[in-house]
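With chain A fixed as given, assemble chain B onto it according to the hints.
Residue-level listing of the chains:
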Amino acid sequence: MIKNKSFLVLIALSFLEVFDFLVIIGQKERNLEEANEILDKYPLIDGHNDLPHMIRTNFENQFDQFDLNDMKESLNKLNKSDVITHTDIKRMKEGKLRGQFWAIYASCESNAKDAIRRHLEQIDVVYRYIEQYSDFFKLVTKSEDIMKAFKDKKFISLLGLESGHAIDSSLAILRMFYALGVRYMTLTHNCNVPWATNNLVDRLSNASAYGGLTQFGRKVISEMNRLGMMVDLSHVSHQTMLDALEESKAPVIFSHSSVYALCNHTRNVRDDVLLKLKENNGIIMINLYNGFIKPNNEVPTMDDIIAHFNYVKNLIGVDYIGIGADFDGVSSTPPDVEDVSKYPELFAALRENKWTEKELAQIASQNIIRVLTDNEIYAKSQEHLEPIDDIIDQKDLGDLYSECRTSF
Amino acid sequence: MISVESKKFKKSLIIGILVVTIALIVGLSIGLALTQNSINNNFSKANQLLTKFPLIDGHNDIPSMVRKNFKNQFKLFDFNDLTKIKDELLGTNGVTHTDIMRLQKGKIGGQFWAAYASCESLAKDATRIHLEQLDMMKRLINKFPDVMKYADNSIDLVKAFNEGKIASLIGLESGHAIDSSLAILRMFYALGVRYMTLTHNCNVPWATNNLVDRLSNASAYGGLTQFGRKVIREMNRLGMMVDLSHVSHQTMLDALEESKAPVIFSHSSVYALCNHTRNVRDDVLLKLKENNGIIMINLYNGFIKPNNEIPTMDDIIAHFNYVKNLIGVDYIGIGADFDGVSSTPPDVEDVSKYPELFAALRENKWTEKELAQIASQNIIRVLTDNEIYAKSQEHLEPIDDIIDQKDLGDLYSECRTSF
Chain A
1 MIKNKSFLVL
11 IALSFLEVFD
21 FLVIIGQKER
31 NLEEANEILD
41 KYPLIDGHND
51 LPHMIRTNFE
61 NQFDQFDLND
71 MKESLNKLNK
81 SDVITHTDIK
91 RMKEGKLRGQ
101 FWAIYASCES
111 NAKDAIRRHL
121 EQIDVVYRYI
131 EQYSDFFKLV
141 TKSEDIMKAF
151 KDKKFISLLG
161 LESGHAIDSS
171 LAILRMFYAL
181 GVRYMTLTHN
191 CNVPWATNNL
201 VDRLSNASAY
211 GGLTQFGRKV
221 ISEMNRLGMM
231 VDLSHVSHQT
241 MLDALEESKA
251 PVIFSHSSVY
261 ALCNHTRNVR
271 DDVLLKLKEN
281 NGIIMINLYN
291 GFIKPNNEVP
301 TMDDIIAHFN
311 YVKNLIGVDY
321 IGIGADFDGV
331 SSTPPDVEDV
341 SKYPELFAAL
351 RENKWTEKEL
361 AQIASQNIIR
371 VLTDNEIYAK
381 SQEHLEPIDD
391 IIDQKDLGDL
401 YSECRTSF
Chain B
1 MISVESKKFK
11 KSLIIGILVV
21 TIALIVGLSI
31 GLALTQNSIN
41 NNFSKANQLL
51 TKFPLIDGHN
61 DIPSMVRKNF
71 KNQFKLFDFN
81 DLTKIKDELL
91 GTNGVTHTDI
101 MRLQKGKIGG
111 QFWAAYASCE
121 SLAKDATRIH
131 LEQLDMMKRL
141 INKFPDVMKY
151 ADNSIDLVKA
161 FNEGKIASLI
171 GLESGHAIDS
181 SLAILRMFYA
191 LGVRYMTLTH
201 NCNVPWATNN
211 LVDRLSNASA
221 YGGLTQFGRK
231 VIREMNRLGM
241 MVDLSHVSHQ
251 TMLDALEESK
261 APVIFSHSSV
271 YALCNHTRNV
281 RDDVLLKLKE
291 NNGIIMINLY
301 NGFIKPNNEI
311 PTMDDIIAHF
321 NYVKNLIGVD
331 YIGIGADFDG
341 VSSTPPDVED
351 VSKYPELFAA
361 LRENKWTEKE
371 LAQIASQNII
381 RVLTDNEIYA
391 KSQEHLEPID
401 DIIDQKDLGD
411 LYSECRTSF
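Just so you know, the sequences run in chain order A and B. Reminder that position 5 of the first sequence reads as 5 in the numbering used here, one-by-one numbering, no gaps. Reminder that position 389 of the second sequence reads as 389 in the numbering used here, one-by-one numbering, no gaps.
For the record, the hints were derived by calculation from the structure and aren't laboratory data. Some hints could be false.
[Said to hold, decoys possible] Derived DSBU-like pairs (lysine-lysine); straight-line CA-CA distance at most 35 Å:
1) B:Lys75 / A:Lys142
2) B:Lys143 / A:Lys380
3) B:Lys143 / A:Lys77
4) B:Lys230 / A:Lys72
5) B:Lys84 / A:Lys219
6) B:Lys159 / A:Lys142
7) A:Lys142 / B:Lys289
8) B:Lys230 / A:Lys138
9) B:Lys71 / A:Lys142
10) A:Lys151 / B:Lys391
11) A:Lys90 / B:Lys230
12) A:Lys138 / A:Lys380
13) B:Lys230 / A:Lys380
14) A:Lys148 / B:Lys159
15) B:Lys84 / A:Lys249
16) B:Lys406 / B:Lys52
17) B:Lys159 / A:Lys380
18) B:Lys406 / A:Lys380
19) A:Lys90 / B:Lys391
20) B:Lys159 / A:Lys138
21) B:Lys143 / A:Lys249
22) A:Lys142 / B:Lys143
23) B:Lys230 / A:Lys154
24) B:Lys406 / A:Lys80
25) B:Lys159 / A:Lys72
26) B:Lys143 / A:Lys148
27) B:Lys75 / B:Lys86
28) B:Lys165 / A:Lys219
29) A:Lys138 / B:Lys391
30) B:Lys159 / A:Lys93
31) B:Lys143 / A:Lys395
Next up, chain A with everything else stripped away, as it sits in the complex:
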């Protein structure tokens, strides 16, 4: 008799478990469905993707060597199937990615040497794939063209310059990059420029000795504001972040950085800076690199990722958040959001964490569109201003620059 009762209880519990399981699965599916609906309704615009650099590294910018529809296949054809690839048109469609700031990047090796050339060559790469796959891509350089492209079912392609060494300490070069369509500049990569310090100095005990922006650096910010080019503070030092937030009259961005309080990497953004970012009306676009999400080489779960979004929302609010996953720019990404095809899963998880449709629309693109628009509005208000033609003090340049520089 007792045996029968236990058996019945066991069966009842099992049913309950299965029922719970089905409810959870059902909910997960519903969240994913809703995520997909949201991403159909509102464009998802990611802040930073290194596809152009991936093309240079693996194909030397030779367009007959790859098919952007399927980069996995392209690498396989060259017997390079172990090379990491996060981005191609197939997966962008799966991931409902509808817009991207393509990173125009050259390594710090080129600092004080051929930085300008290498960055320009990367702009040429993006122009070319936009042209070659023109049924899919559309080059966008103004906020008003973003929704237009979205409605025309084109992929919104913007340009972000990574990084400040590309201008070779010349405001004229900054202007020429703007003329070519660049709409943000990351002030440094992982090396100092003569006018701003990078995050690596924060690892030193005497970090404050290095300072942040120089006087010339502040002129760079002013000229970016005048043009309407967004100031990007990913990669820069803590002091540079503070100086730039103080100097900039337009909202700034972190195109691909995460939360320091959750993962204390010098690439991440501290609370004091986040509070200033709120006053500035800027945006932090969360980077999905494992090492910026979770410390100590641990592999991040979806919950670890969501924690960053929740943290910023709780600290300063949802108006200042976006996504800058850094795909194709990093070696290891979370298994749950491993490449550009997985954005819906990320949004589903946010939904599960009670993020509303309105909030998701904001982090998908409404926030970054606001920031870009604000920069354009500020630039328009400064139309009467002359371009700044100050030259950097030659003593700020130092020996590093003497070899390859023949003129002021």
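Just chain B now, with coordinates in the frame of chain A:
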């Protein structure tokens, strides 16, 4: 004792001399007046012509002048009138040829402004300096919107002129600006550059310059490499005019062979009249005719007249006449090289003197039609032909070939970190 008859003779002689003298004076005066009238007539006709047809000069180095004297700092100079501060122009030793006052007096209707960096920057910061010069020129054009208007195609060029503005286009001087990268060539095109002078007075890894022609073994240096031919092809595909001023004789021949669109000499003169390696030989002029291109005459003293002699107006006219006689008027223009040279002819010393030049051509029996051609119709034709050719090649992919690393040599290893 003086006889009555010798007195009479003396009187007749004096009267005779007086009459002849008066006749001479009157005759001379009429003659001079007629000549002056003719000159005035030619001058006013020249002015009229230049009001009707734009005068488009092929090469002016104001960006370089501004860099040398003012480090591109606009608060340091007033482009309306630079003669006021002649004595302070230490960067160019007091030389100034161009400003708004003189451009307007000279009736300039359009100008290719040179974005130039010296050969010192080759394999170093050439790209940066050329871009800075491009930025400087665009800023200057924007600073005087009532006077100048930026143009990067033949339609906007004519439109600007019709609006009473100086149509302002940009030429790149020179090939070392692209740092042997076709991508950089494309970026310069995207920024508005509409001709590129393949070399200045130094070789690039893919083309030789005119200085090699001074060597006994000039032919050993060749002209264009395989990559150089790709540069020409990509320029043709884009619609950027190939400019052969400064290049070696062999490079001229190779480019004329390779180019499918008409080429230019933005600022070169006639070798047969002045045998400077910067000038153009007859064999090249004949090929230029087949190519349907243009030679835009440079007014630098040393390219007009050899042996350090100072050229007269006749010496200048001789270059125009020579090309007209050899290949015809369809292939001639003016690329004075003002603000790019130290000494110019006293008769056409700066940009205010173009009407005088046209008056002199008129005096040399050049017709209005011919003058309209050398003023602008020829260069407009060449630019348009390049645009038409580019349009016909729209379906072509950009060339993404990389220059062979061995073509670069040691000169380039210091400042280059990647292919």
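- Restraint status (C-alpha distance of Lys84 of chain B to Lys249 of chain A at most 35 Å): Violated - the C-alpha atoms of Lys249 of chain A and Lys84 of chain B are around 39 Å apart, more than 35 Å.
- Straight-line alpha-carbon gap Lys159 of chain B to Lys142 of chain A, limit 35 Å: Satisfied, since the Cα-Cα distance of roughly 27 Å is no more than 35 Å.
- Query: Is Lys159 of chain B within 35 Å of Lys380 of chain A, Cα to Cα?
  - Reply: Roughly 27 Å between the alpha carbons, so the hint for Lys159 of chain B and Lys380 of chain A holds.
- Item | Distance restraint between Lys159 of chain B and Lys72 of chain A, which requires alpha-carbon spacing of 35 Å or less | 50 Å, violated
- Task: Verify the proposed pairing of Lys90 of chain A with Lys391 of chain B, using a straight-line Cα cut of 35 Å.
- Result: It holds: about 32 Å lies between the C-alpha atoms, which stays within 35 Å.
- Task: Take the C-alpha atoms of Lys230 of chain B and Lys72 of chain A, compute the straight-line distance between them, and say whether it is at most 35 Å.
- Result: 31 Å, holds
- Is the Cα-Cα distance between Lys159 of chain B and Lys138 of chain A 35 Å or less? 30 Å, holds
- Hinted pair Lys230 of chain B and Lys154 of chain A, Cα distance within 35 Å: 33 Å, holds
- Query: Would the pair Lys138 of chain A and Lys391 of chain B pass a check requiring their Cα atoms to be no farther apart than 35 Å?
  - Reply: 21 Å, holds
- Item | Hinted pair Lys142 of chain A and Lys143 of chain B, Cα distance within 35 Å | The given pair, whose Cα atoms are some 24 Å apart, holds under the 35 Å limit.
- Message: For a C-alpha distance cap of 35 Å, please report whether Lys138 of chain A and Lys380 of chain A respect it.
- Response: Given that 35 Å is the threshold and the Cα spacing comes to 24 Å, the pair holds.
- For the pair we were handed, Lys406 of chain B and Lys52 of chain B, check the Cα-Cα distance against 35 Å. Violated. Lys406 of chain B to Lys52 of chain B sits at ~53 Å, over the 35 Å cutoff.
Against the hints set out earlier in the document, violations occur for numbers 3, 7, 13, 15, 16, 18, 25, 30.
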